[in-house]
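Enquirer: Given next are the chains, with one letter for each unit.
Protein chains: 2
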Amino acid sequence: MSLQERLVSGDVRALARLMTYAENDYPEATRVIKELYDKTGGAYVIGITGPPGAGKSTLTDKLTKALRARGKTVGIIAVDPTSPFTGGAILGDRIRMQDLFTDQGVFIRSMGTRGHLGGLSRATQTAVRLLDIFGKDYIFIETVGVGQSEVDIVKTADSVVMVLMPGLGDDIQAIKAGIMEIGDVFAINKADLDGADRTKIEIEMMLDLNENREWRPPISKVVAVDNSGIDDLLERIQNHRYYLESSGELVSRRLRNTKQELVSLIRDRVVEFILEESGERFSVDRLVESIASKDMDIYTAAEEILRKIKK
Amino acid sequence: MSLQERLVSGDVRALARLMTYAENDYPEATRVIKELYDKTGGAYVIGITGPPGAGKSTLTDKLTKALRARGKTVGIIAVDPTSPFTGGAILGDRIRMQDLFTDQGVFIRSMGTRGHLGGLSRATQTAVRLLDIFGKDYIFIETVGVGQSEVDIVKTADSVVMVLMPGLGDDIQAIKAGIMEIGDVFAINKADLDGADRTKIEIEMMLDLNENREWRPPISKVVAVDNSGIDDLLERIQNHRYYLESSGELVSRRLRNTKQELVSLIRDRVVEFILEESGERFSVDRLVESIASKDMDIYTAAEEILRKIKK
Chain X
72 MSLQERLVSG DVRALARLMT YAENDYPEAT RVIKELYDKT GGAYVIGITG PPGAGKSTLT
132 DKLTKALRAR GKTVGIIAVD PTSPFTGGAI LGDRIRMQDL FTDQGVFIRS MGTRGHLGGL
192 SRATQTAVRL LDIFGKDYIF IETVGVGQSE VDIVKTADSV VMVLMPGLGD DIQAIKAGIM
252 EIGDVFAINK ADLDGADRTK IEIEMMLDLN ENREWRPPIS KVVAVDNSGI DDLLERIQNH
312 RYYLESSGEL VSRRLRNTKQ ELVSLIRDRV VEFILEESGE RFSVDRLVES IASKDMDIYT
372 AAEEILRKIK K
Chain W
72 MSLQERLVSG DVRALARLMT YAENDYPEAT RVIKELYDKT GGAYVIGITG PPGAGKSTLT
132 DKLTKALRAR GKTVGIIAVD PTSPFTGGAI LGDRIRMQDL FTDQGVFIRS MGTRGHLGGL
192 SRATQTAVRL LDIFGKDYIF IETVGVGQSE VDIVKTADSV VMVLMPGLGD DIQAIKAGIM
252 EIGDVFAINK ADLDGADRTK IEIEMMLDLN ENREWRPPIS KVVAVDNSGI DDLLERIQNH
312 RYYLESSGEL VSRRLRNTKQ ELVSLIRDRV VEFILEESGE RFSVDRLVES IASKDMDIYT
372 AAEEILRKIK K
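Note that the protein sequences, when read in sequence, are chains X and W.
Residues 72 to 382 (this note's numbering) are what the first sequence spells out, left to right.
Residues 72 to 382 (this note's numbering) are what the second sequence spells out, left to right.
Everything labelled a hint here was simulated from the structure, so no lab data went into it.
Careful: at least some of the hints might be erroneous.
Just so you know, same-sequence chains aren't split out, so a pair can sit in one copy or run between any two.
List time: in silico BS3-like cross-link candidates among lysine-lysine, alpha-carbon distance up to 25 Å [said to hold, decoys possible]:
#1 Lys226 x Lys365
#2 Lys330 x Lys381
#3 Lys292 x Lys365
#4 Lys271 x Lys226
Looking at chain X on its own, in the form it has when it is part of the complex:
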């Protein structure tokens, strides 16, 4: 059987191999997806993000168990752009719940940056699509940190859960603007610690600033390690899903994401194309020499190549 047939038939080893191809940007992964594109779009994708130490992976694991208890299958992609080469190992070696690893209904894979950041974003999209075709009902994209690159990746999810914890203090101020805005549902984890109510008030105040959005993100208090509040959080995520589906917003959100991904794909390929054709049509190397010798400035050189592309 081909890898493609094995993927559709639910062969986990075929999935695992294709996920590795995705991570390494081998064309085999996208070739399979091309063939099976009509099988995409069935999975619901949930992004889990928040500052380091908020307990994102524990929360993801508990949400996964709650979904499993409801008979749903789950894929988890843990994204770690801060570890260019050891990403996979760091997260993979971390002790996640043993029972998740032995559960055939759950597939976990961590992804580090191999090469540049654009690569990680592309690899994550490819991985999501493979899990989708494989037939997973839910896919989590979990980030390690809360930097701009993680935000860009997690934004591609259908619902984004922003995980915070009490006592972040000034940090909440720091991540408030820009990043907080991507949260569709807020989870205050470790809510048994002092300051959970204050954190909730701070989030409410921030949400008050943005009153004219149709969906007001709910705030859920959880203690992930005790499995407390997980059902409530899951319900709020489901509510967001119902809102997206009934309002038509899910379709337009996915259209927006598709457009962005398409433009990124083209961007990456154009770069490959320009570099491959170096010396022939675009002569990048010759232009670089001209820049170095001050015969031309770098912006004019970029415009010259762009002019050739536009023709």
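Using the hints provided, position chain W relative to the given structure of chain X.
Expert: This is chain W only, laid out in the frame that chain X set:
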């Protein structure tokens, strides 16, 4: 006088305004650089990177004072991609050495991510070029964290100082592969703490793995807050500069960086071009619809646009 004339004549307020233009990606900044491109290349650019808490900004400040004592002028760009919108404020508000701020020979600017990561990298390059044209002898690019995006930015420097501290333990293992490789000079800061010797041995061991490089990065022990070891560190950076200059490596390193920047510039402009022309030649929106309706997969759509560009 035009902004351009004021910049060359050493008007700090003109520089400050152009740096703001650079940060916001206004064309005025690049227009001025285009006109004055033959005045670039005189400054020596030093990248300062390392994990949070290693004391990078204190170290940068002390190196700056040491250079000032030698009669050199300095520009500092503090890069913080983890704070998409508050970056400037966070670093700007932080109490840096007061005497640096009042020293006319030093210009400090912090830069956060406004928009996407590519934007920060581009803004940093523009800022470096402005400081270079202004006539600064040395320019520091200092990063807040040590993620892939910071690495990509700091790699554009002539010399990269990797700042570490004792007791990082497993963290050193984590950042060892990939990131550690960009260090041309290592500084163990807070070297009065326990474990400084062990950290040094760990770095040496890592460097032993890469024996066939011509330049073996030296390791300098410093206590930045006490201004201890700063002269030694500066001497090692200068040694690296002499090595680069005498071996011709500085020229080829800058050529490599120019090529990479040129390709990035083209990549960004191609995206603008494709989106502007949407509906006309490339019909991105029509393709997105086809992808959504599964009439076409996203990879084939990307190839279709690329085919038109290649023609």
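Enquirer: Can you name, in rising order, the numbers of the hints this structure does not satisfy?
Expert: 3
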